[in-house]
Amino acid sequence: MFADTDSELNEWLEMLRSPDLSDRLVAVKTLQHLGDEEALEPLIVALQDESTAVQKLAVTALWELANPKAVPALIECLVSSNEEIRDEALSALGELISPDHLMLLLDAVHRDKVNMQLSILILLRKIHDAQSLPYVLPFFESDQAALREAAVTTLRYLNQVERCQPAIALMSDADGTVRRATALTLGHLADAEVVPALCQALTSDADWQVRRNAAKSLALHANAEAVPALQTALSDNHWQVRKFTLQALQKTPDDRALPALIKALADEYSDVRRDAAIALGKLKNPAALNALQQSLDDPDRDVCIFTQRAIQSIQESTPETSNA
Amino acid sequence: MALATQRVDVPVIVDESKCLEKCTACIEVCPLDVLAKNPETGKAYMKYDECWFCLPCEKECPTNAITVQIPFLLR
Numbered sequence: 064m065f066a067d068t069d070s071e072l073n074e075w076l077e078m079l080r081s082p083d084l085s086d087r088l089v090a091v092k093t094l095q096h097l098g099d100e101e102a103l104e105p106l107i108v109a110l111q112d113e114s115t116a117v118q119k120l121a122v123t124a125l126w127e128l129a130n131p132k133a134v135p136a137l138i139e140c141l142v143s144s145n146e147e148i149r150d151e152a153l154s155a156l157g158e159l160i161s162p163d164h165l166m167l168l169l170d171a172v173h174r175d176k177v178n179m180q181l182s183i184l185i186l187l188r189k190i191h192d193a194q195s196l197p198y199v200l201p202f203f204e205s206d207q208a209a210l211r212e213a214a215v216t217t218l219r220y221l222n223q224v225e226r227c228q229p230a231i232a233l234m235s236d237a238d239g240t241v242r243r244a245t246a247l248t249l250g251h252l253a254d255a256e257v258v259p260a261l262c263q264a265l266t267s268d269a270d271w272q273v274r275r276n277a278a279k280s281l282a283l284h285a286n287a288e289a290v291p292a293l294q295t296a297l298s299d300n301h302w303q304v305r306k307f308t309l310q311a312l313q314k315t316p317d318d319r320a321l322p323a324l325i326k327a328l329a330d331e332y333s334d335v336r337r338d339a340a341i342a343l344g345k346l347k348n349p350a351a352l353n354a355l356q357q358s359l360d361d362p363d364r365d366v367c368i369f370t371q372r373a374i375q376s377i378q379e380s381t382p383e384t385s386n387a
Numbered sequence: 013m014a015l016a017t018q019r020v021d022v023p024v025i026v027d028e029s030k031c032l033e034k035c036t037a038c039i040e041v042c043p044l045d046v047l048a049k050n051p052e053t054g055k056a057y058m059k060y061d062e063c064w065f066c067l068p069c070e071k072e073c074p075t076n077a078i079t080v081q082i083p084f085l086l087r
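If you read the sequences in order, they're chains L and R.
Using our numbering, the letters of the first sequence map in sequence onto residues 64 to 387.
Using our numbering, the letters of the second sequence map in sequence onto residues 13 to 87.
Just chain R, with the same shape it has in the complex (with noise of 0.2 Å):
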């Protein structure tokens, strides 16, 4: 899988201001393991650009940070 260094073309996008440094529930979730923590900020990311829409991880997230923009021709 290719990593995702440009962090604003991924799907899953992180809110860092509502994201909770000590939750791992993203992360457990994602049949892809495709998320991880940044270990400078603490806060989630999506790590690997690979990403089935299947939406755990926004539904999961305690605080709403997490959303995944689906691809027009998915919806």
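Excised from the complex, chain L in its bound form (with noise of 0.2 Å):
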């Protein structure tokens, strides 16, 4: 029985090693089924066929057998000239890296090929150690910005770093892309440095979906000191960024807000409405209650929903209204 296994599989071997190109697809692909351990040195040497499409479904293969001796020979595989076998090849490394594997990133990061930088920057968020913080920051300099934006990001899957503040310089980046993530990733760093920064974002930045941004990120904070700031975002132009600087009020609640509050309470859209609505609730402000009175009428269930829990909520932090 086992040796006939084995004899089947060393069948499959040779063929790999055959001339013929679709003796070897054949061969890669029955390996791939069969999963054997055995084939694995095989693959890897495979990894350097002359036809991409043997080197992919080696790729595949390798990927399925999940052996982490594989992940140095589809690291290699980063630097392919095909797209499709880089893109397999990270797929495959995304499962297949552990903590073990932190060394050999960080020495293939600094490889001067920029597919193996993205790819490797990318894989490092998988690993979340604070160590390769200093790999990871010289990128932030690059004239590449999918190098700069990949950076970034990956800085905010980084455990136990708290402050950066090249990352602060970064939200001035002339990349709409670069700036969007640099939002993002501000808002996970415990530095209230960072506040300002994204509050000059909120409100002045071209792109509003670094705006957007940089709302959520300042919901992240919960900093009475972006109030303005978001009182400000309130009559911005876009809904999204309305939607999430008030979500951003409802971590803060202020009185200074309450104007602008109540103007929401009758915006164009509902997401908006519902969330105008919650963070009146938070404010627990009686002055608030005639205008939520309105909104139980509003055209949308969910907006009515919210704005009665906002009226509950008012009305349980002031004993006299709900008795009058």
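Hints listed in this document are in silico derivations from the structure and should not be mistaken for laboratory results.
Warning: the hint list may mix true and false statements.
What the hints assert, rightly or not - On the chain R side, residues computed to face chain L include the following (Cβ under 10 Å):
1. 29
2. 33
3. 40
4. 44
5. 66
6. 83
Unchecked claim - With a straight-line Cα cutoff of 20 Å, these simulated SDA-like cross-link-like pairs (lysine to any residue) come out:
7. R/55 to L/86
8. L/326 to L/362
9. R/30 to L/85
10. R/34 to L/74
11. R/34 to L/78
12. R/34 to L/70
13. R/30 to L/70
14. R/55 to R/77
15. R/71 to L/98
16. L/189 to L/98
17. R/34 to L/194
18. R/55 to L/326
19. R/71 to L/74
20. L/326 to L/354
21. R/30 to L/116
22. R/34 to L/114
Stated by the list, open to error - Quick look at which bits of chain L chain R covers, simulated, 3 or more residues with Cβ under 8 Å:
23. 79-88
24. 91-99
Yeah, the Cβ is synthetic: ideal placement off N, Cα and C, and Gly gets one too.
Put the two chains together into one complex; each comes in its own frame, and the hints tell you how they fit.
Right, dumping it as structure tokens:
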């Protein structure tokens, strides 16, 4: 029984070395289906095959074998000239790498190949190790926007990184995608110094997605210093910005925002009206009750429900109102 | 299951110029066993007209020789 299996495997391994391309394709596909660990080394060799079709199937087969010994060979595939092979290798490595491979990845990130560096920056997000920080920071000054964006996104995933001054500087990057990623990353740093930069982006960035992301991050920081900027952002042209600004105001209830919140109850978009009602509920200011009563007739069911809850919340916090 | 006599009408279309004679990947992955090798040509074909449109045959083919035509209402 075992002898039969071995001879079958050897037959396919032999075929993998055939000069005929169709034989090698069939062999690599069959080895993928067999899933035998004995095929590990021959499949790693097949990554150097002259045919990109064989190389790609070998990457898939190694991914399915899920043996960490294949990781160094798969990292080499990240510099392949074929985009499909690079993508397949990146997907495979995303599942195969572990913290044990950190040094291997950090060595590879020094290689002067943009595709390799981009992929390694993505893979570092899976490991979450703050040791990667010194290797990630130089990419903030890369002349490639894709690398700057990947690096600042990776920073978001590194545990225990609380402060990062160079990341704040990226809020002034010329590229919109970099600023978008930076705005989100700053929300994950436990550093109050990022709040003024986020407020600045929220009120004056030309890209509405940057402004929206800044609002999202300010909601995470829940810092009262941001309230004036949040008030200004309630007049933003984009409803997504207004919506996330209201979510930030829910985290930092402040009476200064009351008039702007009441105005937002009449917004054109129901998502904005709903979040305005929630924010007024958190404010617990009885001055909002009249405006909220009018929102009970809102055409959107969601808004009615949250308005009702907001009224209830205000009444519970001011007993004399509920008794009236 | 009905035998697929009109091969142009079946949902699994095999490009015979790409199909490898020694390969049986699509036949092995088909959960309904509706694919087979044509003994005359050595190429895969849809023997029975029954398909779940699950697509592993298309995905597993090493030469992208298979196309599964998914009915409009299932897309």
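Tested hints:
Checking residue 29 of chain R against chain L: minimum C-beta separation of about 12 Å lies over 10 Å; hint violated. Taking 10 Å as the C-beta cut-off, the interface hint given for residue 33 of chain R holds, the closest approach to chain L being about 8 Å. At its closest, the beta carbon of residue 40 of chain R sits 7 Å from a beta carbon of chain L; the interface hint therefore holds under the 10 Å criterion. At about 18 Å, the closest approach between the beta carbon of residue 44 of chain R and any beta carbon in chain L exceeds 10 Å, and the interface hint on this residue is violated.
The beta carbon of residue 66 of chain R comes no nearer than 17 Å to any beta carbon in chain L, farther than 10 Å, and the hint placing it at the interface is violated. Taking 10 Å as the C-beta contact cut-off toward chain L, the hint placing residue 83 of chain R at the interface is violated, the least distance being around 28 Å. Between residue 55 of chain R and residue 86 of chain L, the direct Cα distance comes to roughly 15 Å. Compliance with the 20 Å bound is thereby established for this hinted pair. For the proposed pair residue 326 of chain L and residue 362 of chain L, the alpha carbon gap of about 17 Å is at most 20 Å, so the pair holds.
Distance hint between residue 30 of chain R and residue 85 of chain L is fulfilled; the C-alpha atoms sit about 10 Å from each other, no more than 20 Å. For a cut-off of 20 Å, the pair hint linking residue 34 of chain R to residue 74 of chain L stands: about 13 Å separates their Cα positions. For the proposed pair residue 34 of chain R and residue 78 of chain L, the alpha carbon gap of about 11 Å is at most 20 Å, so the pair holds. For the hint linking residue 34 of chain R to residue 70 of chain L, the alpha-carbon distance of about 17 Å falls within 20 Å, and the restraint holds.
Among the hinted pairs, residue 30 of chain R with residue 70 of chain L is inconsistent with the structure: their alpha-carbon atoms are about 28 Å apart, more than 20 Å. Distance hint between residue 55 of chain R and residue 77 of chain R is fulfilled; the C-alpha atoms sit about 10 Å from each other, no more than 20 Å. About 18 Å separates the Cα atoms of residue 71 of chain R and residue 98 of chain L, which keeps this hinted pair within 20 Å; it holds. In summary, the hint linking residue 189 of chain L to residue 98 of chain L is not supported, as the alpha carbons are separated by about 25 Å, beyond the 20 Å threshold.
At most 20 Å may separate the alpha-carbon atoms for a hinted pair to count; residue 34 of chain R and residue 194 of chain L exceed this at roughly 50 Å. Proposed proximity of residue 55 of chain R and residue 326 of chain L is contradicted: the alpha carbons are some 70 Å apart, above 20 Å. Under the criterion of a C-alpha separation no larger than 20 Å, the hint pairing residue 71 of chain R with residue 74 of chain L is inconsistent with the structure, at around 25 Å. Straight-line distance between C-alpha atoms of residue 326 of chain L and residue 354 of chain L comes to about 9 Å, which keeps the hinted pair within the 20 Å bound.
Taken as a hint, the residue 30 of chain R and residue 116 of chain L pair is honoured in the structure, with Cα atoms around 13 Å apart against an allowance of 20 Å. Between residue 34 of chain R and residue 114 of chain L the CA atoms are separated by roughly 18 Å; this keeps the pair inside 20 Å, and the hint holds. Counting residues of the segment 79-88 of chain L whose C-beta sits closer than 8 Å to any C-beta of chain R gives 3, which meets the bar of three, so the coverage hint holds. For the segment 91-99 of chain L, the assignment as covered by chain R holds, since 4 residues bring a beta-carbon within under 8 Å of that chain's beta-carbons and 3 suffice.
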